[in-house]
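Top line first, the protein sequences correspond to chains A and B.
Under my numbering, the first residue of the first sequence carries the number 1, and numbering increases by one thereafter.
Under my numbering, the first residue of the second sequence carries the number 1, and numbering increases by one thereafter.
It is worth saying that the hints were derived from the structure and are not from the lab.
A quick note: this is a predicted structure, and the numbers were derived from the prediction, not measured.
Treat each hint with caution, since some may be false.
As the list claims (entries may be wrong) - Ranges of calculated distance between the beta carbons of each label pair, as one might list FRET restraints: (1) Arg20(B) to Asp76(A): 29 to 35 Å; (2) Gly127(A) to Pro94(B): 24 to 30 Å; (3) Ala34(B) to Glu114(A): 50 to 56 Å.
Yeah, the Cβ is synthetic: ideal placement off N, Cα and C, and Gly gets one too.
2 protein chains.
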Amino acid sequence: MKVELVQWPSEEQRLTQLRRDEVPRLILVPEGVAPPLSADVLEDWIRLPADDDDIGSRVRVLTDRATGIREARVPDLDENGLLRVSGRWVSLPPVEHRLMTVLLDRYRAVVSREALARAGWPDGIPGRNVLDVHIVRLRRRLAPLGLSIQTVRSRGYLLEEGQVEVPVAN
Amino acid sequence: MKVELVQWPSEEQRLTQLRRDEVPRLILVPEGVAPPLSADVLEDWIRLPADDDDIGSRVRVLTDRATGIREARVPDLDENGLLRVSGRWVSLPPVEHRLMTVLLDRYRAVVSREALARAGWPDGIPGRNVLDVHIVRLRRRLAPLGLSIQTVRSRGYLLEEGQVEVPVAN
DNA sequence: CGGCGACCTTCACGATGGCGAAACAACCAC
DNA sequence: GTGGTTGTTTCGCCATCGTGAAGGTCGCCG
Numbered sequence: 001m002k003v004e005l006v007q008w009p010s011e012e013q014r015l016t017q018l019r020r021d022e023v024p025r026l027i028l029v030p031e032g033v034a035p036p037l038s039a040d041v042l043e044d045w046i047r048l049p050a051d052d053d054d055i056g057s058r059v060r061v062l063t064d065r066a067t068g069i070r071e072a073r074v075p076d077l078d079e080n081g082l083l084r085v086s087g088r089w090v091s092l093p094p095v096e097h098r099l100m101t102v103l104l105d106r107y108r109a110v111v112s113r114e115a116l117a118r119a120g121w122p123d124g125i126p127g128r129n130v131l132d133v134h135i136v137r138l139r140r141r142l143a144p145l146g147l148s149i150q151t152v153r154s155r156g157y158l159l160e161e162g163q164v165e166v167p168v169a170n
Numbered sequence: 001m002k003v004e005l006v007q008w009p010s011e012e013q014r015l016t017q018l019r020r021d022e023v024p025r026l027i028l029v030p031e032g033v034a035p036p037l038s039a040d041v042l043e044d045w046i047r048l049p050a051d052d053d054d055i056g057s058r059v060r061v062l063t064d065r066a067t068g069i070r071e072a073r074v075p076d077l078d079e080n081g082l083l084r085v086s087g088r089w090v091s092l093p094p095v096e097h098r099l100m101t102v103l104l105d106r107y108r109a110v111v112s113r114e115a116l117a118r119a120g121w122p123d124g125i126p127g128r129n130v131l132d133v134h135i136v137r138l139r140r141r142l143a144p145l146g147l148s149i150q151t152v153r154s155r156g157y158l159l160e161e162g163q164v165e166v167p168v169a170n
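Please model the complete structure; the sequences and the hints are all you need to start from.
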């Protein structure tokens, strides 16, 4: 995502526009002029005259933030079992495809084992342990995509992006 | 919330600590030294020598962001025992789930031990010590989320955000 | 002011059960 | 055959929860 450079205060109107459009922007503030203050994380400013490297550093941070926000989106699963997330993809076999459909419907929320069992095996679940095994397999398949399935003990499972829950010592 | 000023690169270790503790910080970068880059919205840097007003401006923005994030920390407990606070979450086992429900109902207010005991064990409390033990466990689980349970001696317990050390006046 | 007792904190231990994961076998598609 | 998918068995870890016990802190009372 491109970062816009804004002259201050001469381009104030353009700044207003960029803020409304949620475009990342770096404001160039001449000596002796007060910078416009905003808590917006997509906005930054720098005092002129400034080193090109310093401008580059701030632009880079703004870019990272913008792409970070952009990539916080829900993964996409099509009817053929192709799961796409941030450019990469994997193909899911039938059972895991059905499981993943439910997990995505309740993205970041808990899905009970019963619901998963019904989705994965509409004609009745074959064994008691099958679900566990398929969760393990699904986990391995999702890991390269930055997705992870968290266990919520005695309640079910939860699909979210990457991070691992902090273990607590007892 | 206080913004910490960090010398770079001499105070690198302190910076690591502040990042982990999610303390807002402004990094002071001498001439000719590359600033540390981070997309963290609670971090900013400024090139030395810097005008006091410019430092003040950046500190202020960081303060605004920190308080904004802090205020967004409204704990949310769902029916599955999932406790969410500002993006992060932990799953609470049945007993702690019931205890937490009462503590959240009376957020920032004192809840008596009797009320907690009734909520946690509707069929009668099994032992005299059980509640204490579960409070300890709940405390450890909440700490990573920035929540803490305070003891009000002979009155009960109180749930609030992040523990603050308050010295006793004499 | 010193000590007692109530209240609170924390650890360690064992029982129980949920869950993870490897290994194996059967099956199917190409 | 070769490789991918699915179900089963089996072993064992570890989270949860109650219990006992060892301090620690604080208020109150003699």
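Hints, verified against the model:
For the hinted restraint 29 to 35 Å between Arg20(B) and Asp76(A), the CB-CB distance of approximately 34 Å keeps it satisfied. A beta carbon spacing of about 27 Å between Gly127(A) and Pro94(B) agrees with the range 24 to 30 Å that was offered as a hint. About 55 Å separates the C-beta atoms of Ala34(B) and Glu114(A), a value consistent with the hinted range of 50 to 56 Å.
Of the hints listed earlier, there is not a single one the structure fails to meet.
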